[in-house]
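*Asks:* Residue numbers (this note's numbering), protein chains in the order written: chain A, 14 to 214; chain B, 14 to 214.
Keep in mind that the hints were calculated from the coordinates and are not lab data.
None of the values given here were measured: they were computed from a predicted structure.
Among the clues, some could well be false.
Which copy is meant is left open, so a pair is good if it fits within one copy or across any two.
Said to hold, decoys possible - Within a straight-line C-alpha distance of at most 16 Å, the following computed EDC-like cross-link-like pairs (lysine to aspartate or glutamate) qualify: (1) 80 - 19; (2) 88 - 19; (3) 175 - 35; (4) 106 - 79; (5) 65 - 179.
Protein chains: 2
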Amino acid sequence: MNNVGEQTLVFDVGSTKNPICEAIENHPKRRNFMACHPIAGTEFSGPKSAIKGLYDGKTNIICEVEKTTFKLQKKAMDLFKKLGMRIRYMDSKSHYKHITYVSHLSHISSFMLGKTVIEKEKDEQDIFDMAGSGFESTVRLAKSSPAMWTPIFKQNRKHVIKSLEEYIQNLTNFKDLLENDNFEEVYNEMENTNRIKEILK
Amino acid sequence: MNNVGEQTLVFDVGSTKNPICEAIENHPKRRNFMACHPIAGTEFSGPKSAIKGLYDGKTNIICEVEKTTFKLQKKAMDLFKKLGMRIRYMDSKSHYKHITYVSHLSHISSFMLGKTVIEKEKDEQDIFDMAGSGFESTVRLAKSSPAMWTPIFKQNRKHVIKSLEEYIQNLTNFKDLLENDNFEEVYNEMENTNRIKEILK
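With the hints as extra help, turn the sequences into a complete structure.
*Replies:* Okay, here's the thing in structure tokens:
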């Protein structure tokens with residue numbers, strides 16, 4: 014970063030933005046840097062997992078854009094526009110508040126679901142034979158790379174823990190409803206959450 | 014069931030098999046009945062959600078097949094074969110032991126993930142903009158029908174509660190690892206669960 018020229022744009026694409034924005038806050042070349050988080054990718058990693066047109070139509074979250082010099086903002090926008098990305102501006106605190114719930118928590122719920130099933134099913138053929146598309150979909154993120162996700166959870170530790178507490182609380186409440194045979198509420202819990210249908214069209 | 018003829022095959026396609034098998038155990042026409050559970054379908058319900066070739070290549074679990082008269086077993090196999098289904102025989106107890114983990118638990122983990130995110134995200138546009146394919150996949154089952162799933166959870170209540178306890182325990186352990194900054198174990202937990210890649214090819 015110290016050696017980049019005036020016209021050089023440096024941007025990252027990591028899943029956490031707060032730590033990098035804080036680390037670089039007072040850097041003399043801060044205005045050459047743009048903090049980005051493209052919401053794109055799959056559970057697979059490495060060169061073999063490359064996908065043509067990966068960013069087309071995907072959201073690119075840009076944090077603290079005002080701290081990047083205007084000329085380099087324009088350079089970045091031209092690039093992202095060519096890639097077909099939708100731009101969303103956000104401060105780095107709002108970013109982790111959203112992404113913790115919409116991305117990081119999903120990965121843990123999926124990893125732990127996979128763990129619970131693998132622990133139970135000694136015979137892997139049973140899992141394969143009985144896994145419908147529902148299980149495959151819910152457990153898909155458990156195929157993700159630990160090398161990528163361990164640092165993400167480390168950097169966003171505090172907020173991931175908080176989201177996990179809320180998730181565990183909701184699961185515990187649902188379990189209590191089952192234990193109390195309160196199936197009217199079991200029904201309502203699911204019906205209320207069905208709103209996700211309208212949100213994720 | 015009382016009025017079916019000798020040559021008539023009656024089968025169900027429900028997600029729980031133990032209750033129906035017990036209910037019909039001593040029925041005079043028991044040998045006309047076959048307890049089936051085709052592992053197929055989507056999160057959508059109703060006639061508009063019909064899919065051509067839904068059963069093609071899917072697993073059909075048949076419980077207590079020996080209690081169905083041989084002639085009608087053959088009639089059923091001819092039908093399922095025409096539909097392109099893979100047959101898996103199982104007693105009704107093994108069925109719920111497997112399906113509780115591989116299907117029912119997935120639905121609850123997904124519903125409660127959706128609930129946790131919706132509660133947090135007051136602005137639904139934020140969810141939509143920031144939801145990657147990962148979140149969409151993990152929360153997909155939260156679109157499922159409460160009218161279909163409430164009775165399933167009611168009939169399989171005991172085992173669903175047990176699987177939920179194990180799932181909540183695994184999530185709590187993972188949270189503890191984060192709280193104790195034990196990121197080596199956080200890594201190992203994820204790496205061990207990556208085995209799901211080999212199981213669900």
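*Asks:* It remains to establish, for every hint, whether it holds in the given structure.
*Replies:* Status of each hint after checking the structure:
In this assembly of identical chains, residue 80 and residue 19 lie within 16 Å of each other by CA distance solely inside one copy; the values are 14 Å within and 80 Å between copies. Taking the shortest Cα distances, residue 88 and residue 19 sit within 16 Å of each other inside one copy (13 Å), while across copies they are farther apart (78 Å). With identical chains, the CA atoms of residue 175 and residue 35 are never at most 16 Å apart, being 21 Å at best within one copy and 44 Å at best between copies. For the identical chains of this complex, residue 106 and residue 79 are intra-copy neighbours only, at 15 Å inside a copy versus 62 Å across copies, given an alpha-carbon limit of 16 Å.
Proximity of residue 65 to residue 179 under the C-alpha cut-off of 16 Å is found in neither arrangement, the shortest distances being 37 Å within a copy and 40 Å between copies.
When the structure is compared with the earlier hints, violations turn up for hints 3 and 5 and for no others.
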